[in-house]
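Trainee: What follows is each chain in one-letter form.
Number of protein chains: 2
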Amino acid sequence: MSESSAKKKNPKGRRVGLVIVHTGNGKGKTTAAIGTAFRAVGVGFKVKMIQFIKGSWDYGELHSAQKLGNFEIVPMGEGFTWETKNRDRDTAVAWKTWEACRAAIEENRHDLLIFDEINNAIQYGYLDISVVIDALEKKPPEMHVILTGRDAHPDLIDVADLVTEMREIKHPFHRGIYAQRGIEY
Amino acid sequence: MSESSAKKKNPKGRRVGLVIVHTGNGKGKTTAAIGTAFRAVGVGFKVKMIQFIKGSWDYGELHSAQKLGNFEIVPMGEGFTWETKNRDRDTAVAWKTWEACRAAIEENRHDLLIFDEINNAIQYGYLDISVVIDALEKKPPEMHVILTGRDAHPDLIDVADLVTEMREIKHPFHRGIYAQRGIEY
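For the protein sequence lines, the chains are A and B, in the order given. Position in the first sequence (from 1) plus 894 gives the number in our numbering. Position in the second sequence (from 1) plus 894 gives the number in our numbering.
To be clear, the hints were calculated from the coordinates, so they are not data collected in a lab. Treat the hints with caution; some may be incorrect.
The list makes no distinction among identical chains, and a pair is therefore deemed to hold if it is satisfied within one copy or across any two copies.
Here are the simulated lysine-lysine pairs, DSSO-like style, with alpha carbons at most 27 Å apart [claimed, not checked]:
1. LYS940 to LYS1064
2. LYS990 to LYS948
3. LYS1032 to LYS990
4. LYS961 to LYS1032
5. LYS1032 to LYS940
6. LYS1064 to LYS1033
7. LYS1064 to LYS1032
8. LYS940 to LYS961
9. LYS990 to LYS1064
Bear in mind that the values here come from a model prediction, so they are computed numbers and not experimental data.
Construct the entire structure; sequences and hints are all you get.
Mentor: Quick look at the structure:
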């Protein structure tokens, strides 16, 4: 147990900001984060999700988010796919997105922050893991942060409180069924 | 590939109702289902979730669901924990809950049904897997169904289109941190 996690020991009911990681090759990493946002908003929390990749969550989801009220979605990586082969541009976008994450931590206006697909930016070497961990260690103690994406860095797993791997057992694409609107995108 | 799944082969964009399973010992099975509901409602789908266990999703979540509009949550297993040691009562509650699921399939008024924690009812032997599979095979072809819970039955995985295992890598309880309101319950 690290020193910082030992400090987090708490009597039942006391609020402790968790660092949560959703990783693995399966579906549900972002979806479970949004499900958590749904629950958090339900108990009166303010939630912000910053997206490193313009993902498959789109107009419909934003529309639902607006209805919920306290759930803000910030798509930073517009059109960003990590496949541009333009490393300088990708690195610049990743750092700009991270800057928004870091600012959200410091501003301390939300109970839950979601850094969606940040693990990919770290994995590709666009973002420095030590900078991310430093910011997480300095976060307000009651703030929850969820970090999603495949291939979570071992150092991140080390500092995290709750880590779940979403593992693909079976996917319809392998049977010739294309992704379904409203469910998968 | 089974005959029924071969029939589901579709050109890109055509709607095919998926049978989706969220299983495993980790967090996120129900949460990802609710995240999917959130997305589905966003594109205009009608969603109903029937809960086999009075789970950790409670007032806050129901409040958010009401705001979303087309997302109905039906908690059938009020106070039901699978630990009553009263097998007759548990079996009766499981069948009553299943009856609501079967009726929802037949009524065909929803685009997405979620049978939350049904896998546990099957695993404990309270519900017959063949009855469940029979109903899934007769469902309207465009209807999506998500079945959650640990220890999904192999026959269910066999007929499912999309199966994800949520695997626990690290949990804060092991470090003395109790479950956090708004995030875990």
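Trainee: For each hint, tell me whether it holds in the structure or not.
Mentor: We went through each hint and held it up to the structure:
With identical chains, the CA atoms of LYS940 and LYS1064 are at most 27 Å apart between copies only, with a shortest distance of 25 Å across copies and 35 Å within one. When the C-alpha separation of LYS990 and LYS948 is checked against a cutoff of 27 Å, the pair qualifies only within one copy, where the shortest distance is 14 Å, while the shortest distance between copies is 43 Å. When the C-alpha separation of LYS1032 and LYS990 is checked against a cutoff of 27 Å, the pair qualifies only within one copy, where the shortest distance is 20 Å, while the shortest distance between copies is 50 Å. In the homo-oligomer, the alpha carbons of LYS961 and LYS1032 never lie at most 27 Å apart, since the shortest distance is 32 Å inside one protomer and 34 Å across protomers.
Taking the shortest Cα distances, LYS1032 and LYS940 sit within 27 Å of each other inside one copy (20 Å), while across copies they are farther apart (42 Å). In this assembly of identical chains, the alpha carbons of LYS1064 and LYS1033 lie at most 27 Å apart only when taken from different copies (20 Å versus 38 Å within one copy). In this assembly of identical chains, the alpha carbons of LYS1064 and LYS1032 lie at most 27 Å apart only when taken from different copies (21 Å versus 39 Å within one copy). With identical chains, the CA atoms of LYS940 and LYS961 are at most 27 Å apart both within one copy (14 Å) and between copies (15 Å).
Taking identical chains as interchangeable, the C-alpha atoms of LYS990 and LYS1064 are never at most 27 Å apart, the minima being 36 Å within one chain and 30 Å between chains.
The structure fails hints 4, 9 (numbered hints given earlier, in ascending order).
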